[in-house]
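S.K.: Note that the protein sequences, when read in sequence, are chains A and B. The numbering of the first sequence is this note's numbering, which starts it at 654 and goes up by one. The numbering of the second sequence is this note's numbering, which starts it at 433 and goes up by one.
None of these hints come from the bench; they were simulated from the model. Fair warning: there could be bad hints in the mix.
Cβ pair distances, simulated, as ranges [unchecked claim]:
1) A:ARG714 x B:SER454: 32 to 40 angstroms
2) B:ARG539 x A:THR759: 20 to 28 angstroms
3) B:ASN491 x A:PRO732: 36 to 44 angstroms
4) A:ASN761 x B:GLU484: 42 to 50 angstroms
5) B:ASN509 x A:LYS707: 38 to 46 angstroms
6) B:PRO471 x A:ASN761: 23 to 31 angstroms
7) B:ALA527 x A:THR679: 44 to 52 angstroms
8) B:GLY435 x A:GLN734: 35 to 43 angstroms
9) B:ALA527 x A:MET682: 19 to 27 angstroms
10) B:THR512 x A:GLN734: 23 to 31 angstroms
11) A:ASP712 x B:SER518: 21 to 29 angstroms
12) B:THR470 x A:ALA723: 37 to 45 angstroms
13) A:HIS729 x B:ILE444: 35 to 43 angstroms
14) A:PRO762 x B:GLU484: 44 to 52 angstroms
Capping the alpha-carbon separation at 25 angstroms, the derived lysine to aspartate or glutamate pairs in DMTMM-like fashion look like this [to be verified]:
15) B:LYS445 x A:GLU711
16) B:LYS489 x B:GLU531
17) A:LYS721 x A:ASP684
18) A:LYS749 x A:GLU668
19) A:LYS709 x B:GLU484
20) A:LYS724 x B:GLU507
21) A:LYS721 x A:GLU668
22) B:LYS489 x A:GLU711
23) A:LYS749 x B:GLU531
24) A:LYS658 x A:ASP677
25) A:LYS707 x B:GLU531
26) B:LYS445 x A:GLU695
27) A:LYS749 x B:GLU507
28) A:LYS658 x A:GLU695
29) A:LYS707 x A:GLU668
30) A:LYS658 x B:GLU507
31) A:LYS757 x B:GLU531
32) A:LYS707 x A:ASP677
33) A:LYS707 x A:GLU695
Glycine included, each C-beta is placed from N, C-alpha and C at the ideal position.
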Amino acid sequence: DQQVKQNSPSLSVQEGRISILNCDYTNSMFDYFLWYKKYPAEGPTFLISISSIKDKNEDGRFTVFLNKSAKHLSLHIVPSQPGDSAVYFCAFLSEKLVFGKGTKLTVNP
Amino acid sequence: KAGVTQTPRYLIKTRGQQVTLSCSPISGHRSVSWYQQTPGQGLQFLFEYFSETQRNKGNFPGRFSGRQFSNSRSEMNVSTLELGDSALYLCASSASGYEQYFGPGTRLTVT
């Protein structure tokens with residue numbers, strides 16, 4: 654069963670605009686949520702995280718929102734830059750990290 | 433601080449053979465996890481080691497095994513390779529158990 658869903662396999666935005674990446678989960682036992690970014694031929698890079706007791710966490714251009722009632726996680730990137738083009742994975746931690754299948758973000762100059 | 437290193441970076445093996453992959457975690461990190469990434473399945477958890485003990489295990493057959501040494505370095509072994517084992521194998525280390533830091537991966541091709 655797929656506990657984590659990233660329903661958009663790809664997203665394309667213009668430089669300077671907002672990128673919104675979404676993730677839905679089914680397991681209420683998840684207590685820590687993370688976003689990773691992955692470039693081709695590299696391992697995923699940790700981006701930002703949020704614990705289940707919060708609903709928002711910011712780090713520079715990156716903001717993660719958690720809606721526990723809807724079991725929904727989102728990542729906002731503002732403003733988007735061409736260097737942000739990568740595959741973004743949401744991940745959820747219970748006893749282990751469970752990853753979504755990723756969303757490929759393309760930021761066009 | 434040096435990052436997570438994995439060797440080898442690329443590997444080609446034949447069906448039926450076995451393979452051993454190596455991972456050196458970030459200095460001071462005692463937790464090492466292994467993941468398999470394939471285009472169809474995304475990142476799937478294999479197992480986690482902490483202080484030389486397997487702490488968690490994913491849903492993979494017994495052909496996949498691992499171990500961790502006293503210096504926290506870890507190895508992963510796959511026996512009787514199958515074509516479907518072709519994947520990127522990623523190792524991640526963690527100090528807190530929350531944020532995990534990944535190595536560049538080992539690309540295994542089984543022919």
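S.K.: So, for every hint listed, does it hold in this structure?
M.R.: Taking the hints in turn, this is what the structure says about them:
1. A:ARG714 x B:SER454: 32 to 40 angstroms: Given range 32 to 40 angstroms: holds, Cβ gap about 36 angstroms.
2. B:ARG539 x A:THR759: 20 to 28 angstroms: holds, 23 angstroms
3. B:ASN491 x A:PRO732: 36 to 44 angstroms: Roughly 41 angstroms apart at Cβ, these two residues keep to the hinted range, so it holds.
4. A:ASN761 x B:GLU484: 42 to 50 angstroms: Given range 42 to 50 angstroms: holds, Cβ gap about 48 angstroms.
5. B:ASN509 x A:LYS707: 38 to 46 angstroms: At 40 angstroms between Cβs, range holds.
6. B:PRO471 x A:ASN761: 23 to 31 angstroms: This hint holds: roughly 24 angstroms between Cβ atoms.
7. B:ALA527 x A:THR679: 44 to 52 angstroms: violated, 29 angstroms
8. B:GLY435 x A:GLN734: 35 to 43 angstroms: violated, 23 angstroms
9. B:ALA527 x A:MET682: 19 to 27 angstroms: Hint holds: Cβ distance 23 angstroms, inside 19 to 27 angstroms.
10. B:THR512 x A:GLN734: 23 to 31 angstroms: Because 46 angstroms falls outside the window, the suggested range is violated.
11. A:ASP712 x B:SER518: 21 to 29 angstroms: Since the Cβ atoms of A:ASP712 and B:SER518 sit about 36 angstroms apart, the hinted range of 21 to 29 angstroms is violated.
12. B:THR470 x A:ALA723: 37 to 45 angstroms: violated, 30 angstroms
13. A:HIS729 x B:ILE444: 35 to 43 angstroms: Between A:HIS729 and B:ILE444, where Cβ atoms are some 41 angstroms apart, the hint holds.
14. A:PRO762 x B:GLU484: 44 to 52 angstroms: holds, 49 angstroms
15. B:LYS445 x A:GLU711: violated, 44 angstroms
16. B:LYS489 x B:GLU531: holds, 18 angstroms
17. A:LYS721 x A:ASP684: Measuring from Cα to Cα gives roughly 10 angstroms; hence the hint holds.
18. A:LYS749 x A:GLU668: violated, 35 angstroms
19. A:LYS709 x B:GLU484: violated, 36 angstroms
20. A:LYS724 x B:GLU507: violated, 36 angstroms
21. A:LYS721 x A:GLU668: Roughly 30 angstroms between the alpha carbons, so the hint for A:LYS721 and A:GLU668 is violated.
22. B:LYS489 x A:GLU711: Distance of about 32 angstroms is beyond 25 angstroms: violated.
23. A:LYS749 x B:GLU531: Holds, at about 11 angstroms.
24. A:LYS658 x A:ASP677: Holds, because 5 angstroms separates the two Cα atoms, which is no more than 25 angstroms.
25. A:LYS707 x B:GLU531: Status holds; Cα separation ~17 angstroms.
26. B:LYS445 x A:GLU695: holds, 21 angstroms
27. A:LYS749 x B:GLU507: holds, 19 angstroms
28. A:LYS658 x A:GLU695: holds, 23 angstroms
29. A:LYS707 x A:GLU668: violated, 29 angstroms
30. A:LYS658 x B:GLU507: violated, 30 angstroms
31. A:LYS757 x B:GLU531: Holds, at roughly 22 angstroms.
32. A:LYS707 x A:ASP677: holds, 17 angstroms
33. A:LYS707 x A:GLU695: Violated: A:LYS707 and A:GLU695 sit about 30 angstroms apart, past 25 angstroms.
In this structure, the earlier hints numbered 7, 8, 10, 11, 12, 15, 18, 19, 20, 21, 22, 29, 30, 33 are contradicted, and the remaining ones agree with it.
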